[in-house]
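Here's the letter readout for the chains.
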Amino acid sequence: MLRFIAQRLFAAAITIWIATIAVTLLIHLVPGDPVQIMYATFQSTPEQIEATRTALGLDQPIHIQYFMYLGRLLEGDLGRTIVGNQPVLDVLLARFPATLLLTTASLAIAVIVGMSLGFFAALHRGTALDVGAMLIAIVGVSMPHFWLGLILLFFFALQLGWFPVAGSDLRSLILPALTLGLANAAVLARLTRSAMIDIFDQDFVRTAHAKGLPRTLVLYRHALRAGLVPIVALLGFQFAYLMGGAIVVENVFAWNGVGRLAIEAVFARDYPLIQGFILFFATIVVCVSVIIDVAYAFLDPRIRYG
Amino acid sequence: MAAQVEPVSASAADLGTGSFWWALVKSPSGAIGLVIVAVLVIAAIGAPWIAPFDPLRMAAGPRLQPPTLTHWFGTDDFGRDLFSRIVHGARLTLMIGTIAVGISLTAGLLLGLIAGYAAGWTERVLMRLVDVLFSFTEIVIALACLAILGVGLTNAMIAIGIASIPFYARITHSVVLVERSKPYFEAAVAGGAGHLRLIFRHLLPNVVPTLIVVGTLGISTAVLAAAGLSFLGLGAQPPQPEWGFMLSSSRDLISRAPWMMFFPGIAIAVTVLGFNLLGDGIREVLDPRQRQR
Amino acid sequence: MAEPILTVDNLCVTFGHGRNRNEAVKNLSYTLGKGETLAIVGESGSGKSVSSLALLGLLPRRSAEVEEGRAHYDGRDLLALSEEHLRKLRGDRLAMIFQEPMTSLNPVLTIGRQLTEGLIEHRGMSQEKADSRAVEMIDRVGLGQPRQRLKQYPHELSGGMRQRVMIAMAMATEPDILIADEPTTALDVTVQAQILDLMRELQGEFGTSIILITHDMGVVAEMADRVVVMNKGRKVEEGRVEAIFARPAEAYTQRLLAAVPRLGGYATQPTPRTVVPEPVPVDHATSVVDARGLTKRFGGAGLLARFGIGDRGVTAMDDVGFTLAAGETLAIVGESGSGKSTTGRAVLRLIEVDKGEINIDGRDVRKLGPAGLRQARREMQMIFQDPFASLNPRISVGDIVAEPMVIHGLAKGRELKDRVEALFHRVGLTSDQIRRYPHEFSGGQRQRVCIARALAVNPKLIVADEPTSALDVSVQAQVLELLLELQQSLGLAYLFISHDMAVVEEMAHRVAVMQQGRIVEMGPRAAVLNDPRHIYTKTLLAAVPIPDPTRQRGALPKLDTTTMPRGPLAEAAPGHLVAA
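Chains as they are written, first to last, in my numbering: chain A, 10 to 315; chain B, 232 to 524; chain C, 1208 to 1787.
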């Protein structure tokens, strides 16, 4: 198992490293002069523009730039935003926790609702219950989650007044979390159903039945326990997907996370902020993946005991 | 993002085109999906004739009017007829979906084929890069592309196309791995087949069924992504009648004109549902193993 | 016959509805006596497994239906029992073991848990009592270190060991009836012999009645008291095992028995039997293959392995060398992990060896560049084990057979079509099949297409990797006959890889025995098959079940693969080499 974890950590490190390279290259892919573009909507003096150019190291050859960036990174300096001239790191740190909170809450909802639905459907495979559950799931998968958000906003916030329209406390977390969570629950339901059906068809489940074990025992001790392994493997990816979805949902509910920041940054071509955002995002995704991989290693005896 | 897709077993009956369509129509998901997509295509092509009003014409009717007999879906805050806008939006939607998938599928297919065929270091390096891109998630890549290219519908289309490349590359690669280890491939090598023949005569045709399924499902993902980006203001710009953009304009007017939010959302949902069902139906037809599910 | 413990009466099982309806079992009736072993024999699709699964209520509820029939056991009709009643009998009085030991155990639960849960459920034992009983059973089935086994996971055990665990699980409650569905088909022949011995021992000790489902007539002859022969869902014949083998009454049974390769039939002949009027003799002067010192290692954790850290990988070939003359068949025999398949692929350079020389027709193919290799590939072809994956499903069989000729530019247009047609006829297929696709053919027919493909370039050498293992017995015989016929008319050399000694005896001029990457014995067929010198060869030969109920398989020599001689080959008799 140690070898497995070591491999994963190594791969994670490489991914983050390549991310830093990609992020540095980003500016250079911009057609035209990036610094001019950055300041396009501002009033600025030529001195300011040149100062930024030097600060970003854009007047140096690219590998020097990269090492400069890497060096600053290791000191925790992600540069300063163009809009407002604030330290990128501070700005991100102020907003990322809200996004993480939303993502985690949504994941919880998605897992509880989606996996139960999928498991239930797999159990009653082929019956009306299964078809019904999967119909709900496929409609859920097809719905744009921001639209679901708008609908929930309309009914629960505006019409019924149960929840606030915007805000940053726990009560205002509910609607956005439900939106993202339910939309993703549909995806998880389909995946879970598929994985469980695969398990039900396995030889060892037949063996368990042949031993005369009661159905619930076969289901929970044999099927579910074995099914956890592939399903947990899926969760890492789901977290990343949810974080991406959070970016959009935050805009529906004016939830003060990093999503709105990112959109504004793209509009304003605020490259230091965009670079910082991408790096932050990738790092978090990679870290969560590693955690989930470790959980996976624990659950699968073939890896745990090699 | 489409759910994890299993490679479609190429050992399924190789249906001729005629029986393929017939089988598709017989499967429930395939039939419904086909109908929805057909309606969409008709709407897209025939928009100028189907739509009663010019989608861009303001004050075609009174502002913010609920659905009536003249304006089936009501009007928006500029007095534009919502039904006409939605019908014209079908054109934009189809275009985005197909072109974005076209970009990602072609590039992803090439990457996956080369990586899977070449094996060794080439494969390892290529797939590692793909994995890294994959872990950025599609939306972040799309945002990065938009940051480089600037906002707009065409750029959004390209951004989504690029963002999905890792997904198609991975799927192609995993199918190629499976096919490469099958004896018929070894037999072709033993027969003296060269690289081109092995890739295009042996590997590619066995990758195509899976890609057809994945690509169809991918159109729905692309449509959702484009709508999302337009909703955020990064995609379609006013006054384009793109559905996602129409949803964002409806946000501040929800209480006064809920139909502005309702209809574009339904349009998106039905479109995505249609392609999902069609993709599921195609998968059922091409892989009889799945039929019992 | 002993007093009946189970009587099956007119069992009918169908799958699916309407147009997809398939009658898997039709009007099956038989009796199982107390303490006896009843073998249910048949080829694939005969319904032998389905009928037993039906008895225990293990058929998938959605697709399968028991339309009619009764199964009398202990005063009750099993088929009429409620699921709850049947469940209480399953795993307690009626036990079943399956074919695939690798997948029949739950990979995430310990062996101990899987052994004890049945005891706890059916006998109400406490965990401790169940654990002691489990330890007893593990010992009884011949697995060492019983206490540690309880905490191990299935992936830590080999296939044979897992099957022993399955047997322990089944026998722990001392059931009245044990149904064994192809229990040894997936195992190596030496392991198979041990498992069959174990089953007989336990039967003697516990008095269990066994229903043994198999397609292997040798296993039937060794284990069964009585036999039921099934074909396409129906019972063809039933009787005592001696009667069935000596005087089969039905045509199907006769065909089945005739098709079974019997070890010992041709063993004393110096060459395989002649099937054509004027066979091309073996040309000892022309060496088609001369391989020396082939070595290949797989796996190992890359960079780290070179420094001796971590997983060192598997040695697939260790200093393997042999010669093959024109028109001759050298059979490479071995069990799983012996490296025989790797050797076959290495000769064709489908795999690159780490060290060694491969001389085909005098030239070392290892030294050839791409152009030279392409040329060389005209001389050697391969046919594979899995007929279903050996043909590209997207290309017509005619195009598949034509491809090698197209690649080498041997024919075009009209001439190409003619040659393809000729090849099809040569292997026993018809012209109208040329434009069809692989999925429209049966396993045996596909293998014929593979042979036609191999012949297309007029090779001198064909490497045949277990070409008949995946086929039904009756089809096997036909394909082997075709191969013999082609060899004797065209003077082809075969490198014939197999795990089945009886098939080897049918085909080979010379035999090489491999174990864990090394050749341990090699020589003319009569020598190796009748006078084996190496202990591994002796064990292999002794383990093969003999399809003759009147003869007992000899006792297995005590073989320890870690201490047996694996040194360089020394000549024990002219042409007969044995590892020292």
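In short, the hints are calculated from the structure, not lab data. Here the structure is a predicted model, which is why all the values come from computation and not from measurement. Backbone N, C-alpha and C define an ideal beta-carbon position, used for all residues, glycine too. Certain hints may be false.
[To be verified] For each label pair, taking beta carbons as the anchor points, the in silico distance ranges come out as:
1) A/Thr136 to C/Ser1289: 16 to 22 Å
2) A/Thr225 to C/Gly1635: 32 to 38 Å
3) A/Phe13 to C/Gln1355: 42 to 48 Å
4) C/His1362 to A/Gly176: 35 to 41 Å
5) C/Arg1228 to A/Arg180: 35 to 41 Å
6) C/Val1487 to B/Leu341: 46 to 52 Å
7) C/Gly1544 to A/Leu138: 55 to 61 Å
8) B/Ala269 to A/Val148: 35 to 41 Å
9) B/Ala269 to C/Gln1640: 48 to 54 Å
10) A/Trp26 to B/Ala349: 42 to 48 Å
11) B/Arg294 to A/Glu59: 47 to 53 Å
For the pair B/Arg294 and A/Glu59, does the Cβ-Cβ distance stay inside 47 to 53 Å?
For B/Arg294 and A/Glu59 the Cβ distance comes to about 50 Å; the hint holds.
Evaluate the given range 35 to 41 Å for the C-beta pair formed by C/Arg1228 and A/Arg180.
Roughly 59 Å apart at Cβ, these two residues miss the hinted range, so it is violated.
Can you let me know if the beta-carbon spacing of C/His1362 and A/Gly176 is within 35 to 41 Å?
Given range 35 to 41 Å: violated, Cβ gap about 52 Å.
Cβ-Cβ distance between B/Ala269 and A/Val148: within 35 to 41 Å?
Given range 35 to 41 Å: violated, Cβ gap about 20 Å.
Does the Cβ-Cβ separation between C/Val1487 and B/Leu341 fall within 46 to 52 Å?
With Cβ atoms ~50 Å apart, the hint holds.
Quick check on a hinted range of 16 to 22 Å for A/Thr136 and C/Ser1289, using CB atoms only.
The hint (16 to 22 Å, Cβ to Cβ) holds, given that A/Thr136 and C/Ser1289 are roughly 20 Å apart.
Using the Cβ atoms, figure out if C/Gly1544 sits within 55 to 61 Å of A/Leu138.
At 47 Å between Cβs, range violated.
If I claimed the Cβ atoms of B/Ala269 and C/Gln1640 lie 48 to 54 Å apart, would that claim hold in this structure?
violated (39 Å)
Falls inside 42 to 48 Å, the C-beta gap from A/Trp26 to B/Ala349?
violated (24 Å)
Return holds or violated for the Cβ distance of A/Thr225 and C/Gly1635 against the range 32 to 38 Å.
This hint is violated: roughly 55 Å between Cβ atoms.
Cβ separation of A/Phe13 and C/Gln1355, checked against the hinted range 42 to 48 Å:
Cβ of A/Phe13 to Cβ of C/Gln1355: about 23 Å, so the range 42 to 48 Å is violated.
When the structure is compared with the earlier hints, violations turn up for hints 2, 3, 4, 5, 7, 8, 9, 10 and for no others.
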